[in-house]
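Undergrad: Going down the list, the sequences are from chains A and B.
Following this note's numbering, the numbering of the first sequence begins with 1 at its first residue and continues without gaps.
Following this note's numbering, the numbering of the second sequence begins with 1 at its first residue and continues without gaps.
A couple of the hints might just be wrong.
[What the hints assert, rightly or not] Partial selection, computed: residues in chain A whose CB lies under 8 Å from chain B:
(1) Ile102
(2) Asp105
(3) Val189
(4) Thr193
(5) Ser381
(6) Ile415
(7) Gly419
(8) Ile420
(9) Ile451
(10) Asp452
[Unchecked claim] Computed list of chain A residues with no C-beta within reach of chain B, every gap over 12 Å:
(11) Asp169
(12) His215
(13) Thr310
(14) Asp336
(15) Arg443
[Said to hold, decoys possible] Below, computed lysine-lysine pairings styled on DSS-like, alpha-carbon distance capped at 25 Å:
(16) B:Lys23 / A:Lys424
(17) A:Lys287 / A:Lys221
(18) A:Lys424 / A:Lys287
(19) A:Lys287 / A:Lys266
(20) B:Lys90 / B:Lys128
(21) B:Lys149 / B:Lys90
(22) B:Lys90 / A:Lys143
(23) B:Lys21 / A:Lys424
(24) A:Lys268 / A:Lys287
(25) B:Lys30 / A:Lys424
(26) B:Lys327 / B:Lys54
(27) B:Lys149 / B:Lys92
Don't read these hints as lab results, they were simulated from the structure.
Given the structure is predicted, the values throughout are model-derived calculations rather than measurements.
Note that the Cβ used here is the ideal one computed from N, Cα and C, for glycine as well.
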Amino acid sequence: MSNLLNIGKTGLDASKKSLQTTGHNIANANTEGYSRQRVHQTTNTPISKGGLIAGTGARVVSTNRVHDQFVEKQLTQSISNNDYHRTRSEHLAMVENVFNEIDQDGLNYVLNRFYNSFRDLANQPENETIRSVVRDSANLVSKDFRRIRSSLDQHARQIDRIMETEIEDINTISKRIANLNAEIARLEVGNDTAPDLRDQRDLLVRTLSESFDVHTYLDEKNRYVVSAKGVGTLVSGTEVQELAVKSMARNESSNNMDGSYEIVFKRKPGFSITANFEGGRIEALAKTRNEDLRTLQDRIDSTAFEFMNTVNAIHRRGYVNRNVEANVNGEFPSQDRRGPTTGIDFFRPPEERYNAANMIDLSAAVKGDLSNVATALTPNSPGDNRVAIAISKLQHERIMAEGTSTLEEDYLQMIGRVGIEAGKANFDFEQAEGLLAQAVNMRERISGVSIDEETANMVRYQHAYDASARVMRTADEMFKTVLGIMR
Amino acid sequence: MSRVSENSSQASLRHALNRTKSKMEDLQLKGSTLRSVVRPSDNPLSSVEGLTLKSSRADNTQFQRNSDHALLSLNVTENAIESLTDILVKAKEIAIAQSSDFYNPEVRQAVSNEINQLRNQAISIANKRVGQRYIFGGFNTLTTPFNGKGEYQGDTGKITVEVSKDFFIPINLHGEEVFFTADSLPAQQENPLRNFPEIENQLRDDLQELPDEEIIFGRELASTSEQPFQTRENIFSLLETLYTALNNDDPKLIQSTLERFDTTIDRLITLRTQVGSLSNSIENTRNVMDAENIGKEERISQLLDADVAELFSDITKQQAILQTTYKSSQGLLNSRLIDFLR
Chain A
1 MSNLLNIGKT
11 GLDASKKSLQ
21 TTGHNIANAN
31 TEGYSRQRVH
41 QTTNTPISKG
51 GLIAGTGARV
61 VSTNRVHDQF
71 VEKQLTQSIS
81 NNDYHRTRSE
91 HLAMVENVFN
101 EIDQDGLNYV
111 LNRFYNSFRD
121 LANQPENETI
131 RSVVRDSANL
141 VSKDFRRIRS
151 SLDQHARQID
161 RIMETEIEDI
171 NTISKRIANL
181 NAEIARLEVG
191 NDTAPDLRDQ
201 RDLLVRTLSE
211 SFDVHTYLDE
221 KNRYVVSAKG
231 VGTLVSGTEV
241 QELAVKSMAR
251 NESSNNMDGS
261 YEIVFKRKPG
271 FSITANFEGG
281 RIEALAKTRN
291 EDLRTLQDRI
301 DSTAFEFMNT
311 VNAIHRRGYV
321 NRNVEANVNG
331 EFPSQDRRGP
341 TTGIDFFRPP
351 EERYNAANMI
361 DLSAAVKGDL
371 SNVATALTPN
381 SPGDNRVAIA
391 ISKLQHERIM
401 AEGTSTLEED
411 YLQMIGRVGI
421 EAGKANFDFE
431 QAEGLLAQAV
441 NMRERISGVS
451 IDEETANMVR
461 YQHAYDASAR
471 VMRTADEMFK
481 TVLGIMR
Chain B
1 MSRVSENSSQ
11 ASLRHALNRT
21 KSKMEDLQLK
31 GSTLRSVVRP
41 SDNPLSSVEG
51 LTLKSSRADN
61 TQFQRNSDHA
71 LLSLNVTENA
81 IESLTDILVK
91 AKEIAIAQSS
101 DFYNPEVRQA
111 VSNEINQLRN
121 QAISIANKRV
131 GQRYIFGGFN
141 TLTTPFNGKG
151 EYQGDTGKIT
161 VEVSKDFFIP
171 INLHGEEVFF
181 TADSLPAQQE
191 NPLRNFPEIE
201 NQLRDDLQEL
211 PDEEIIFGRE
221 LASTSEQPFQ
231 TRENIFSLLE
241 TLYTALNNDD
251 PKLIQSTLER
261 FDTTIDRLIT
271 LRTQVGSLSN
281 SIENTRNVMD
291 AENIGKEERI
301 SQLLDADVAE
311 LFSDITKQQA
321 ILQTTYKSSQ
331 GLLNSRLIDF
341 LR
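Here chain A stands alone, though its shape is the one from the complex (with noise of 0.2 Å):
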């Protein structure tokens, strides 16, 4: 009878655990990363007693989490491509709104009009009022390359410091990973887990994979080995390798920008890393930065250089817009008083490809002195239009590309280029986002908490307490009934 009443406290206990976890489960049902836990229960060891075999009452053997590892391998994998995609659309669409000029007047609107003066001061080549405009219409090109290039720059450069904060996540996670692994290590002996301490470390290691493509085993102690993909090992059980940032000079620096950041390994600062993260945040950002802006930076630099040649290689060969005394022998000096009188720069000319959207200006004595605006091929020709046309001619000329296209048609097509590299960033990050939702539907089936099933439980439970409860009283009473007898 003592046993009977042992069987009933075992039942008792079993449920009350079970109702525990239950009650647990319930808590943490919006607890993100949580999975839901469930009581593992058998039965005591029989005992044989004159030969008959009796049953001694349940016994809880472990809390487990309902988990599925290839499930969780699948989402941390999607969680790294959508990363890597957001990341990537979120960039393009900054860097399409530089370039975005179908509402508002951009680069392309303003050498359209740049030219467009020049043709009207071909109309008109005395007309000093005409010259002040195609003055102005030129700082409004000059600005808006200036413009262009520096928000790219400005771009770059935030990505740099967006990296720098990703590198300490990254760092700080890894170090909660290598502390949770002891932990783990710790509290694990024999067949017991620690399921809370799991499902934390998989949060931190689904947080790790939005910034790179995470590869995980676990050890013989239960420990995580985290890695990189294409990069290393970053947690050994409970050693962390950690990452750094490095400002490099601009020949050493991936983008061709002086003070641009590179990722490192703390131990190895001399070798960067940054090119070899497969995945996730890092490498759309490094692939933004590096290829995207880069490009863009090229091009546009490009673009200033050969339109600042090309003018100034036609405005060199005109004249000042004022009378220049011929001397003796009948020729015309190439200085009077108020400066060269031809082979005058329109722009400042450039000194090399590099940086020259930046650099774009009025020549000093364009700057200076609207008279320097020369549009006659000879000396005292105020009615001489020869230059101005021709400068307006350049529009349609072949100058890019090794003259394959011209400044619009080479301008134009880096839009369209843009473009199509920002939509095709927003739609595979749409249909990332369709995998990751279904990678968390799925983890989530199999792992996520379903109040009604735990209220379902709860009552099976409850009942199942009650009835040992029962058990337990009936034991009792058959006590005191058996004490009656004596009395």
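Chain B: place on chain A using the hints.
TA: Okay, now just chain B, sitting in the frame of chain A:
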């Protein structure tokens, strides 16, 4: 049967709502701007084509301004030549009348004053201005082209203007060809970049391929009338000769001017015809350009503007989808097993 947990149904609902709502937002943006292409990525091809068309439309506007300018200049030139012709016709009539022996020296003396007056008129026409520009000065547009003696101070510059893409038209006659020589003007000017070999050699393959013969041939066509005017005439000296002949009572000399008057008048008429044909071709290109602009406007609208009917039916459809999503999620979100276990 797959298991459904709180988070999984929540996640699918969130995904569905997000997708519908972001589509809705996109449509609303398009509805508020009435454009189907708001940023290049919406449709890279049409946005680039749209920009190309927009700038060629802006070019056309400029070319129309150029045409206006060229027409004004050519009209003034034409009028000037017309009055010049009138002067010469009048002088010729006088010369015919006075070439006979009918009139006596006194009459001729008196008539010579009229010739002198005509000469002064001719000089004032030669120094005609449009705005601040002397139309017969060549490139030298800011100084008086003819002094009191009828000596030419200008040069032989031809001012050209682009009236439509790659179509250059000279808009002036310089003093020498009107008053002195029979040099003629080509109907179309070559590419102005020809003057800049450094650009041309570097970049212009197509220009170099353009056969030189063609241009020269075109020039010949425009100046088939060159032959009759090989002898160079000077309108002022012609009038002066007549004036002197009348003053000196020299009918023979007067007679000798007659033929010269004829050739000069013929020449001026040819010049006028040429100017007139230039004006005509400008008008023609203008008309072509007007038609082109309408076509371009239409294409830009096709490329970038939203189809309103389609857009609003899309918005209505999307709204219906959103409503359905809300309705269907109602049951899922608001009922629990626990509500029934009381």
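Undergrad: Does each hint hold? Answer for all of them.
TA: The hints, checked one at a time:
The beta carbon of isoleucine 102 of chain A is positioned within 8 Å of a beta carbon in chain B (closest approach about 6 Å), and the interface hint is therefore held. The interface hint given for aspartate 105 of chain A is violated, since its Cβ lies 10 Å from the closest Cβ of chain B, which is over the 8 Å cut-off. With a least beta-carbon distance of about 31 Å to chain B, the hint placing valine 189 of chain A at the interface is violated under the 8 Å criterion. Taken as an interface hint, threonine 193 of chain A does not check out: its beta carbon lies about 21 Å from the nearest beta carbon of chain B, beyond 8 Å.
Restraint check, serine 381 of chain A versus chain B: the minimum CB separation of about 3 Å is within 8 Å; hint holds. The interface hint given for isoleucine 415 of chain A holds, since its Cβ lies 6 Å from the closest Cβ of chain B, which is under the 8 Å cut-off. The beta carbon of glycine 419 of chain A comes within 3 Å of a beta carbon in chain B, closer than 8 Å, and the hint placing it at the interface holds. Hint status for isoleucine 420 of chain A: holds, given a least beta-carbon distance of 5 Å to chain B, under 8 Å.
Residue-level restraint check for isoleucine 451 of chain A holds (minimum Cβ-Cβ distance to chain B is 6 Å; threshold 8 Å). For aspartate 452 of chain A, the interface hint holds, since its Cβ comes within 8 Å of a Cβ in chain B; the closest pair sits about 4 Å apart. The claim that aspartate 169 of chain A is not at the interface with chain B holds, since no C-beta of that chain comes within 12 Å of its own (minimum 24 Å). Non-interface call for histidine 215 of chain A relative to chain B: holds, since the shortest CB-CB distance, roughly 25 Å, exceeds 12 Å.
Consistency note on threonine 310 of chain A: stated as away from chain B, yet its beta-carbon is not over 12 Å from all of that chain's, at 6 Å minimum. Separation of aspartate 336 of chain A from chain B is adequate, the least Cβ-Cβ distance of about 17 Å exceeding the 12 Å criterion. In this structure arginine 443 of chain A is not separated from chain B by more than 12 Å, as the shortest Cβ-Cβ distance comes to only about 8 Å. Simply put, lysine 23 of chain B and lysine 424 of chain A have alpha-carbon atoms about 17 Å apart, close enough for the 25 Å limit, and the pair holds.
About 38 Å separates the Cα atoms of lysine 287 of chain A and lysine 221 of chain A, which puts this hinted pair outside 25 Å; it is violated. Distance check on the hinted pair: lysine 424 of chain A and lysine 287 of chain A sit about 14 Å apart at the alpha-carbon level, within 25 Å; holds. As the CA atoms of lysine 287 of chain A and lysine 266 of chain A are separated by approximately 22 Å, the hinted pair is consistent with the 25 Å bound. With a C-alpha separation of about 20 Å, the suggested pair lysine 90 of chain B and lysine 128 of chain B falls inside the 25 Å cut-off, and the hint holds.
Between the alpha carbons of lysine 149 of chain B and lysine 90 of chain B the distance comes to roughly 21 Å, so the proposed pair stays at or under 25 Å and holds. This hinted pair does not check out: lysine 90 of chain B and lysine 143 of chain A have alpha carbons roughly 61 Å apart, beyond 25 Å. For the hint pairing lysine 21 of chain B with lysine 424 of chain A, the CA-to-CA distance comes to about 21 Å; that is within 25 Å, so the pair holds. A distance of roughly 23 Å separates the Cα atoms of lysine 268 of chain A and lysine 287 of chain A; the hinted pair therefore holds under the 25 Å criterion.
Restraint check: the Cα-Cα separation between lysine 30 of chain B and lysine 424 of chain A comes to about 20 Å, which is no more than 25 Å; the hinted pair holds. Restraint check for lysine 327 of chain B and lysine 54 of chain B: not satisfied, since their Cα atoms lie roughly 46 Å apart, outside the 25 Å limit. Using a Cα cut-off of 25 Å, the hinted pair lysine 149 of chain B and lysine 92 of chain B holds, with the two alpha carbons roughly 21 Å apart.
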